[in-house]
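Construct all of the structure, not just a fragment, from the sequences and the given hints.
What follows is each chain in one-letter form.
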Amino acid sequence: MRFTRLRKRHGFTLTELMIATGTGGFVLAAIMTSSIALQKTLNAIENYFATQMQQIRIIDYLNRDVKRGLIVTTSVDLQSVTITVPSYLIQAGDPEAIANPSLVGTPRTPTISNTLSGRQVNYGSSTSTIVYSISGQSILRTENGTVTMVASSTDQLVPQTTDVELANTEYTSTTVTFLPIFTSGNLATERKGTTLFSTSYLRNKRRG
Amino acid sequence: MSKLSKQGGNVLLCALCTILIVSAIAGTVLINCTTRYNVASSQVQSWKAALMGAEAGGDIAYAEVRKTILDPSNAFSAGAGWTNSGTVRTSSVATLGSNNVKASSTVDVFYSDSSGSPWYRIRSKGVSPALGVARTGMDDRMITGARGDSLLRKIDFYYDHFISTYGPNGDGVGKALVAVNQPQVSRRIELISAPVTPFEAAIKAGGTFYGLGSAAFVDSFRSTTGAYDVTVKDNPSDPRYADSQAGTVEINSAVATIMGSIYGNLYTNGGTVTKNTTSVYGIIDNNVPFDLSGFVMPDVTGWNYVPSPTAVTGNTTIDPPTTNGFPRAGSPVSPNYYLLTSFANNGNLTVNPAVINNVPQETYVAVHVTDNIGTSTSSQPSIIVPAHVHLQVYFDGNFQTKAQNIVNTSGYAGNLQFYAISPTVPSVQQTINLNSGGGATAGFSAVFYSPAANFTINGGPDITGAIVCKNFYANGNVHWHYDRALDNQGDPVDYRIASYVEDIR
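Chains as they are written, first to last, in numbering that gives the first Met the number 0: chain F, 0 to 207; chain Y, 0 to 504.
Be careful, since some hints might not be right.
[As the list claims (entries may be wrong)] Here are the in silico distance ranges between beta carbons for each label pair:
{"id": "1", "chain 1": "Y", "residue 1": "20", "chain 2": "F", "residue 2": "126", "range": "55 to 61 angstroms"}
{"id": "2", "chain 1": "F", "residue 1": "185", "chain 2": "Y", "residue 2": "99", "range": "34 to 40 angstroms"}
{"id": "3", "chain 1": "F", "residue 1": "141", "chain 2": "Y", "residue 2": "214", "range": "54 to 60 angstroms"}
{"id": "4", "chain 1": "F", "residue 1": "141", "chain 2": "Y", "residue 2": "112", "range": "33 to 39 angstroms"}
{"id": "5", "chain 1": "Y", "residue 1": "504", "chain 2": "F", "residue 2": "195", "range": "46 to 52 angstroms"}
{"id": "6", "chain 1": "F", "residue 1": "112", "chain 2": "Y", "residue 2": "70", "range": "28 to 34 angstroms"}
{"id": "7", "chain 1": "F", "residue 1": "112", "chain 2": "Y", "residue 2": "313", "range": "47 to 53 angstroms"}
{"id": "8", "chain 1": "F", "residue 1": "141", "chain 2": "Y", "residue 2": "156", "range": "27 to 33 angstroms"}
{"id": "9", "chain 1": "Y", "residue 1": "133", "chain 2": "F", "residue 2": "185", "range": "28 to 34 angstroms"}
{"id": "10", "chain 1": "Y", "residue 1": "237", "chain 2": "F", "residue 2": "194", "range": "48 to 54 angstroms"}
{"id": "11", "chain 1": "Y", "residue 1": "70", "chain 2": "F", "residue 2": "91", "range": "44 to 50 angstroms"}
{"id": "12", "chain 1": "Y", "residue 1": "237", "chain 2": "F", "residue 2": "195", "range": "45 to 51 angstroms"}
{"id": "13", "chain 1": "Y", "residue 1": "80", "chain 2": "F", "residue 2": "112", "range": "32 to 38 angstroms"}
Hints were generated in silico from the structure; no laboratory data involved. From the three backbone atoms N, C-alpha and C, an ideal C-beta is built for every residue, glycine too.
Written as structure tokens, this is what we have:
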């Protein structure tokens with residue numbers, strides 16, 4: 000039997016191996032770091048967008064109610080808003096509903112009354128009250144005792160509403176801010192950068 | 000076979016894997032972006048556009064309601080796309096903007112006030128196509144079990160949720176499953192259009208204002224709670240005090256020279272009036288523009304035309320006509336109506352009430368003078384209105400007399416109403432000149448609605464009533480008392496939106 004002489008092959012030198020291992024390690028580290036950064040960025044952006052949608056929702060809820068509001072008052076810390084709106088729909092327990100339960104959920108026919116400030120349009124004998132408030136991480140909307148969670152976020156959503164009453168009109172100015180996940184250290188600036196602003200006029204404001 | 004080709008296959012595999020991973024990342028980003036874009040740009044936008052459509056429909060209907068006074072022959076016309084079914088008027092569907100937002104409305108009279116003026120209810124609906132991906136619930140994931148956008152923005156993807164749940168009119172009648180052509184958002188509002196009465200302020204000037212005099216004042220009272228008392232306006236403990244502080248002056252101009260005291264609010268349009276320069280006890284607001292439309296003779300259909308007299312010459316007395324043996328007292332919506340072609344400078348008009356069994360009846364009379372009432376400062380025509388008579392005087396020309404020649408025995412200004420019909424030729428300036436002369440303090444109780452006339456009053460008369468005019472000039476110590484009971488008196492001159500409700504179902 001004849002041994003075939005293997006063709007001479009060269010292996011890697013220790014130096015080459017060390018350089019290759021080191022370079023590979025750097026590349027792997029870079030890939031790992033980039034992946035983690037990408038993941039964090041993706042998460043932050045998704046969170047930012049999602050919270051922004053909640054900002055829009057808070058503003059839209061509030062504006063819808065302010066527009067049809069008769070009276071709007073804000074708390075001293077500007078974070079709680081109470082709106083009195085006409086009772087357009089007959090609710091269970093209302094006098095009309097007690098007399099005729101099938102009327103629940105149907106619109107009322109308005110009535111006119113004379114007041115010291117002139118003639119006034121009324122929907123029913125009472126009004127509905129809507130309160131916007133903050134509870135923990137959530138923004139709540141409470142209408143006649145029924146609570147609806149309008150927004151919920153761990154990003155510290157903060158709505159602030161100012162009620163401005165002029166001689167012939169009334170409006171509310173609302174800002175909603177949050178603290179994004181990615182911050183550069185100046186938290187106040189980061190929060191300010193997320194501000195969403197809105198102004199809504201009361202359509203039912205009556206001049207005295 | 001070369002080993003090199005195997006190495007090439009490995010590289011290709013690695014490249015494909017890399018592309019796959021990058022594509023997966025890109026796909027995730029794209030899904031998130033699309034999700035947010037779909038909600039923010041399409042659904043939120045459609046939701047807002049639907050309200051704009053509803054409000055546009057409300058505006059279209061409101062314009063027609065205003066026409067019932069300003070242009071009655073063209074109100075709710077078929078040519079403008081309106082159809083009538085009973086007492087309900089329905090608009091055609093208007094398409095607005097590049098996104099094909101649709102607006103439609105119905106109008107009905109739900110109430111008539113004591114003057115017979117109708118109050119209109121406008122129900123308007125706006126429909127906006129929901130563009131983008133037909134998906135929802137993307138932002139409902141606040142917390143487990145909670146819903147976010149779906150509660151606020153109700154999108155009809157396949158069926159109209161409102162009609163199927165509440166019926167087309169929202170009253171539970173006619174519920175049906177109605178398919179929609181494409182995903183849409185619909186929003187509904189209800190507006191109440193209330194008649195604007197002419198006498199809502201003590202003095203309302205569409206142009207400039209000068210007056211009233213350094214010692215003059217404007218205050219108010221409410222005749223339904225008692226006679227005027229000059230002490231009330233300075234006595235906050237008096238229960239009638241609130242009613243004494245409504246002597247409001249409204250000026251649709253920046254040119255306003257305010258003198259005397261105003262126990263009420265003062266509004267100007269761009270003026271510079273401040274508390275420091277005048278004695279205004281109410282609010283000063285220099286940013287209150289308003290519109291005064293010209294006054295046209297109202298529709299006399301339904302009024303009881305009486306052919307005589309046709310002119311006021313010397314002493315002229317109007318007694319109610321007799322119907323079925325009894326004097327006809329008329330009513331606010333059907334007064335006894337006289338058409339007078341002239342009113343002499345020395346004419347004295349007395350309008351008597353209907354008396355049945357020696358009991359005077361509340362009598363409603365309308366007089367249309369197609370000429371001037373008094374033609375010079377020396378003219379002294381008089382108008383005498385005994386108690387129980389409610390007289391409305393419409394005149395086409397000018398009006399000049401002494402303040403004391405306007406005699407309203409009841410003392411209630413609403414019983415004597417003057418309406419100056421606006422000239423159709425813009426260059427013609429209508430005037431009303433009431434000259435007390437010589438410092439006479441005798442005044443009158445009456446109201447004037449004369450949006451095109453310049454109003455001048457001299458001397459220091461004591462006046463109970465209200466005035467709406469173009470330019471106002473008073474040079475004397477007038478004491479002007481606005482009666483708050485006037486705010487629902489007189490022929491409506493316009494309509495305003497008095498209530499706004501959105502049906503959020």
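Hints, verified against the model:
For residue 20/Y and residue 126/F, the hinted distance range of 55 to 61 angstroms is satisfied, since their beta carbons lie about 59 angstroms from each other. Our hint of 34 to 40 angstroms for residue 185/F and residue 99/Y is violated, since their Cβ atoms are close to 46 angstroms apart. Between residue 141/F and residue 214/Y the C-beta distance comes to about 56 angstroms, which sits within the given range of 54 to 60 angstroms. Against the hinted window of 33 to 39 angstroms, the Cβ-Cβ separation of residue 141/F and residue 112/Y comes to about 37 angstroms, which satisfies the hint.
Distance hint check: the CB atoms of residue 504/Y and residue 195/F are about 27 angstroms apart, inconsistent with the given range 46 to 52 angstroms. At roughly 31 angstroms, the beta carbons of residue 112/F and residue 70/Y sit within the given window of 28 to 34 angstroms. Between residue 112/F and residue 313/Y the beta carbons are some 48 angstroms apart, a value that agrees with the proposed interval 47 to 53 angstroms. Between residue 141/F and residue 156/Y the beta carbon distance is about 30 angstroms. The supplied range of 27 to 33 angstroms therefore holds.
The given range of 28 to 34 angstroms is broken by residue 133/Y and residue 185/F, whose C-beta atoms sit roughly 42 angstroms from each other. Remark: the range hint 48 to 54 angstroms for residue 237/Y to residue 194/F is upheld by a beta-carbon distance near 50 angstroms. Here the CB-CB span from residue 70/Y to residue 91/F is close to 45 angstroms, well matched to the stated 44 to 50 angstroms. In this structure the hint that residue 237/Y and residue 195/F lie 45 to 51 angstroms apart at CB holds, the actual value being about 50 angstroms.
The given range of 32 to 38 angstroms is respected by residue 80/Y and residue 112/F, whose C-beta atoms sit roughly 35 angstroms from each other.
Figure legend: structure checked against the earlier numbered hints; hints not met, in rising order: 2, 5 and 9.
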